[in-house]
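Participant: This is what each chain is made of:
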Amino acid sequence: MPTNGVPTKITQGSGTRGGIGESTLRPDGTLKVTGEFAYSSDMWHEDMLWGHILRSTVAHAEIVSIDTSEALATPGVYAVMTYDDLPTDVKNYGLEIQDTPVLAHGKVRHHGEPVAIVAADHPETARRAAAKIKVDYRDLPVITDEASATAPDAVLVHENRDDHHSGHVPHPNIVHRQPIVRGDVDAARRRADVIVEGEYTFGMQDQAFLGPESGLAVPEEDGGVHLYIATQWLHSDLRQIAPVLGLPEDKVRMTLAGVGGAFGGREDLSMQIHACLLALRTGKPVKIVYNRFESFFGHVHRHPAKLFYEHGATADGKLTHVKCRIVLDGGAYASASPAVVGNASSLGVGPYVVDDVDIEAVALYTNNPPCGAMRGFGAVQACFAYEAQMDKLAARLGIDPVELRQRNAMEQGTLMPTGQPVDSPAPVAELLRRVKAMPMPPERQWESSEGADVRQLPGGLSNTTHGEGVVRGVGYAVGIKNVGFSEGFDDYSTARVRMEVVGGEPIATVHTAMAEVGQGGVTVHAQIARTELGVGQVTIHPANTQVGSAGSTSASRQTYVTGGAVKNACELVREKVLELGRRRFGSYHPAWASAELLLEGGKVVTDGGEVLADLVDVLGDEAVEVEEEWRHRPTEPFDLRTGQGNGHVQYSFAAHRAVVEVDTELGLVKVIELACAQDVGKALNPLSVIGQIQGGTTQGLGVAVMEEIVVDPKTAKVRNPSFTDYLIPTILDTPTIPVDVLELADDHAPYGLRGIGEAPTLSSTPAVLAAIRNATGLELNRTPVRPEHLTGTV
Amino acid sequence: MRIDFTVNGRPQEADDVWEGESLLYVLRERLGLPGSKNACEQGECGSCTVRLDGVPVCSCLVAAGQVQGREVVTVEGLADFAEQRSCGTGTRGTSLDEAKGWQAEGTDSQTGEGGELSPVQQAFIDAGAVQCGFCTPGLLVAADEMLERNPDPTDADIREALSGNLCRCTGYEKIMDAVRLAAARQSEGV
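Here the protein sequences line up with chains V and P, keeping their order.
So the mapping is simple: my numbering equals the position in the first sequence, first residue as 1, plus 4.
So the mapping is simple: my numbering equals the position in the second sequence, first residue as 1, plus 100.
Since the hints were derived computationally from the structure, they do not count as laboratory data.
Careful: at least some of the hints might be erroneous.
Stated by the list, open to error - Covered, in the sense of this in silico footprint (three residues per stretch, anywhere, with C-beta under 8 Å from a C-beta of chain P), are these stretches of chain V: (1) 258-265; (2) 428-440; (3) 600-613; (4) 654-662; (5) 697-707; (6) 737-750.
All residues carry an ideal CB built from backbone N, CA and C; glycine is no exception.
Assemble the whole structure, with the sequences as input and the hints as a guide.
Facilitator: Take a look at the structure:
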C-alpha cells in the first residue's frame, strides 16, 4: 500500500449501499437528461458580451501590420485586442514549454493561430468585426515534415530556444528526442531466423469532443476575474492564465463548468486567457464559444507519426530484438510533445518480452497544427505499428498471430525496455486468450428472409452491395499504456472530505478540483466515500480552485490519483471520527479500543459486526474535515542517452478482436464486431468501466477507417475543419462491442484498481487494420484506411 | 424582428432577433433553454435536435424566422411531452394536430424542473448511456420520436434512426441498451 495517509484495511461494508464495486448511477445523470446540466457554453450573464478570435489564414508568415480601426468602429464592438494590448511581460503560455503566444507576435507559425480578439454585444457582430481586421502577412517557407524540419538550411520554427530540451536535441526544430537502448541489437540480430521491416504512417486524429471550447469570464470588484470553464485541469490553467493577466492566482477564481468531453483536447488552454483579457478590458462578463470550425483550430490534435520498425525472431517465434524510430509531428508549439515522446519510446515495443531494443522517438516542430494530448498519448501510434509488425512476423513464421503474441507476452516481473520491472499483474496472454475465446458473430448476418439488410453491409443505406464482393476478415491486437504522469512528475491530487450530521443523517461532502469530463469520476468519488465512511448520502462539491489541485483528467489517472486522494482523506476523517467516538463513548465499551473499527451503514461497528454507536451520536454537532494531498509512488526521468529509468507508475493492458467485412470493389469497410478484453485491476463502477472501454474502442475504430485531419503538404493549411469533412463514427459505423473485464489487483494502487480509460484506444485500431488485411490480403501501412487504399486507386 | 412561437407548450416571444439567428440560438440565448446543444452548428451532429411541429430537426439549421407560429419541443419539455402522449388517444404516434395541441404540464417548462422523467430519459440514466452528456439531449429527442413511430424497433432500426446523432464518449453500446430498455418498458407498460 502507498505510505501516504493512514494504513487501514479496506472496508467494503455490507451495511453501506452504493459503495465501490457497484454500478451506481451518475449523480449528474438527471440534470444531463433534462437539459439542465450547465455546460461551459450554456453560461449566461446579464449584460454579457461575446468574444471572438481572429485566426491566421496562413501557416507561416511574418505579420507586417495589423489594422483594427474598422473593427473598432463597428457599432456594438466594445474591445479589440492584439499582442500590443497584452498587459504584462508574460505573453506566452504552455504546458511544459511556454512557447505559445497568447496572441501572435510578429509572426504566425500555423494555420488558425490567434491573432486578435474582439468583444461585442452579439456573437455575429464580434465575428463580422473580426473579419474587418486587416492583417498583412509576408509568407515564410513552411516546415511540414522531418526532411524540411531538419534540412541544413531549414527555417527555425522557434528561434533562440532556451527550454530544458533545447540542449540535447539534435536540431532546433526537434522538440525532444528520447532514445531507449537496452541489450545489444546487433548481436541479437545475428540470432534471428527472420527479420521483418515496416514503415508506417499514422494520420492526425482529432479529439472531436462534442462540447465546444467555451467559457464565461466575469470581472470582479477586487480587480480579479472569475472564469467558468470547461477544462481538464483547473490548476494548470490557473498557473498559465494568472501571469498573463498580471494577477495573483487568488484573484483568478476558476470554477469548472460542465465539460462536454475532452480526450486530451482540453489539456492546453484555448479561449481561457482571451475571455479573461476581454472581460478585464471591458469591465463586462465575456462569453466565448467556439463553433466547430474554430474548435478544429482551437485545440491540439493527436500527433501524426511516421514509424520505422525492424523485428527479429527465432524460428520458434521468440522475439530477438526490436529496432524502431518514431517521428511524431508536434506542429508549431510544444504542448505535450515531450511527454508524448517519452511514452512513444518507452512503450514502443508493446507488451512483449524483448531484451535487445534500440528505440528512438522524436517530436518535430513544424508549421502543421500543434499536436499534444489525446487519449492513448504516444502509445497509440506505436501500438498501430508494432502490432502490424507482429502480424507480419507471424505470417513469415507461419505461426498463428495470437499464438505468436502469447509466446512473447510480458508478464509480471518482465523488464520494460527502460529496465523498469513490471511489478503488478500483466495478463497479456490471458487477455488474448479471452478475446479469442469470445463467440464469433454469425456469418452473413445481413441476410434475412426479406433479402439483404443493406444497413448491415459495407456502404449501408447507400445500397452499394447486397453481399457481392464482400469478404470477411478477423484481426487481433494487444497494447500497453502507462497510467498517471510519468518521468518524475510530481503527480499528486488533493481531496477535502467533510463529515457532519445534516437533517438527522450523517453525510459526507467530497470537494476536489477534479475535472469531470464525462468519465464518471464524480460517481466514483461518492462510492469511495460511502465505502470508507459508511454513509448513504454523499455530496459532491462543485470543482473549483478553492481546494488544492487534483491534477489532470488525463493519463487514465483520476480514479487512481484523485480517487486515491479521496480514499486517503476519508480514511483520515474516519480516524478522527473514531477518535471522537472514543472520547465520547470509549469508556462504555472495551471494543472502542480496537484498531479494527469500521464505519458501516451509518454506524461504528467492530470487525465482528457489533454496533458500537450511531454516527449521528458520535458526530453530534461537530463537523470533521480533512484536506490532504495524496501521491502515488514516485517515478524517475528516463536517462537522456539510454532511456533507462523507472519512469512509469502503472501499466494498463487491453486486447481486441476485430471482425470486418470489406466491399473489395468499392473499398468500403463495415466493422461487424470489435470485442475487447481488458484487465481493470478492480472495477470500482462496472457500468462505467464498460462504458469507458466501449468509448475508447470506438475512438480507435474511428482512426482506423475514417478520422483524419488533412493538412495540405504544400501550404500546411487544414482542409477539413468540420464534421462534414472530418468523420467520426456514427451509431451505424459502430459495431457491437462485447467486453470481458478481468480484475487482477495491483497491490500498489488504491483498491487494486488500474487506470482504464486509454488502453482500449490502443489495440482497437491495429485490430481493425489486421482484420482488413486479413480480408483483403493488402499490406496497409497507414491509418486511417481510405477506400482508395483498398481498391488500389490511390 | 419579433418571433412568436410555442415552446414546450408555452407561448414564447423573442424580440430583437437578428435575421441570421438560428432557432438553436434563440432557444439557448434568448429563451433560457440551453438544453439543446451546440456541438457543430452545421447540421452534422444532431446535438441540437428538437421537434418542430412534431418532426425532428436540427435546430441549428432552422432560421429563427421559420418557426413563427409553430410548435417546438425541446429536451426540457420531453418529459411532459411523453407524459401527455401516454395520456393521449391510445394510438401510436403523434399527429400534427396532436403535436400542435399539446400543452406542457409540470411546474416550469422553462427549466424542466419539477417533472418526472420520460421513459427514454430514465432508460438513458439506468443503462449508463450518459457520459459527458453533450449528445444526450439530441439523442433523447430523436430516440423518443423513433419509439413513438416504431415501438418495437430492431437494432438496425435503432441505428438507422439515431445515425444523425454523434456521440464521442460511449461507443453507442449503452445508447443501444437504453433505447432497447425504453422500448421494453414501454411495451410492458412500465
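Participant: Run every hint past the structure and note whether it holds.
Facilitator: Results for each hint:
{"no.": "1", "hint": "258-265", "result": "holds (count 4)"}
{"no.": "2", "hint": "428-440", "result": "violated (count 0)"}
{"no.": "3", "hint": "600-613", "result": "violated (count 0)"}
{"no.": "4", "hint": "654-662", "result": "violated (count 0)"}
{"no.": "5", "hint": "697-707", "result": "holds (count 6)"}
{"no.": "6", "hint": "737-750", "result": "holds (count 3)"}
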